[in-house]
Amino acid sequence: MTEGSVAERAGTEEKVVLCRHYWIIDSAGGPTSKGVCRTCGVQRQFKNYLEDAPWDDEKPAARDQIASVVSPARSSDTLEEES
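All residue numbers for the sequence shown refer to my numbering, where the first residue is 102 and numbers rise by one.
Hints should not be assumed to be uniformly reliable.
Here are the computed distance ranges between Cβ atoms for each label pair [as the list claims (entries may be wrong)]:
1. Ala154 <-> Ile125: 17 to 25 angstroms
2. Val117 <-> Ala154: 30 to 38 angstroms
3. Leu151 <-> Lys116: 31 to 39 angstroms
4. Arg121 <-> Ala154: 21 to 29 angstroms
5. Asp153 <-> Gly131: 19 to 27 angstroms
6. Leu151 <-> Ile125: 19 to 27 angstroms
Straight-line Cα separation of at most 20 angstroms, SDA-like style, residue types lysine to any residue; simulated pairs [claimed, not checked]:
7. Lys135 <-> Trp124
8. Lys148 <-> Ser128
9. Lys135 <-> Arg121
10. Lys135 <-> Phe147
11. Lys148 <-> Tyr123
12. Lys116 <-> Gly130
13. Lys148 <-> Gly130
14. Lys148 <-> Val137
15. Lys135 <-> Leu151
16. Lys148 <-> His122
17. Lys116 <-> Cys141
18. Lys135 <-> Glu152
19. Lys135 <-> Val117
20. Lys135 <-> Ile125
21. Lys135 <-> Lys148
22. Lys135 <-> Arg145
23. Lys135 <-> Lys116
Keep in mind that the hints were calculated from the coordinates and are not lab data. Note that beta-carbon positions come from the ideal geometry of N, C-alpha and C, so glycine has one too.
Modelling step: build the complete structure from the supplied sequences, incorporating the hints.
What follows is the structure, given as structure tokens:
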């Protein structure tokens, strides 16, 4: 490489455009969904799940604890009879 080519390279500026993406994401239909930025048109795949989210089959004890806190709804007739 010659000194002239290095100088030419240093003199050229690369324009970097930053986009604050506004994602339009397709409906969930599998493990990922395609997203397209409304502003710049770049495309990206998005996961359709949260990595740390508890799933029903992973933590049954937590589900049972929540179920024990929730009581069934009462109708107004039941409330009047108890009073």
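Hint numbers not upheld by this structure, sorted from lowest to highest: 12, 19, 23
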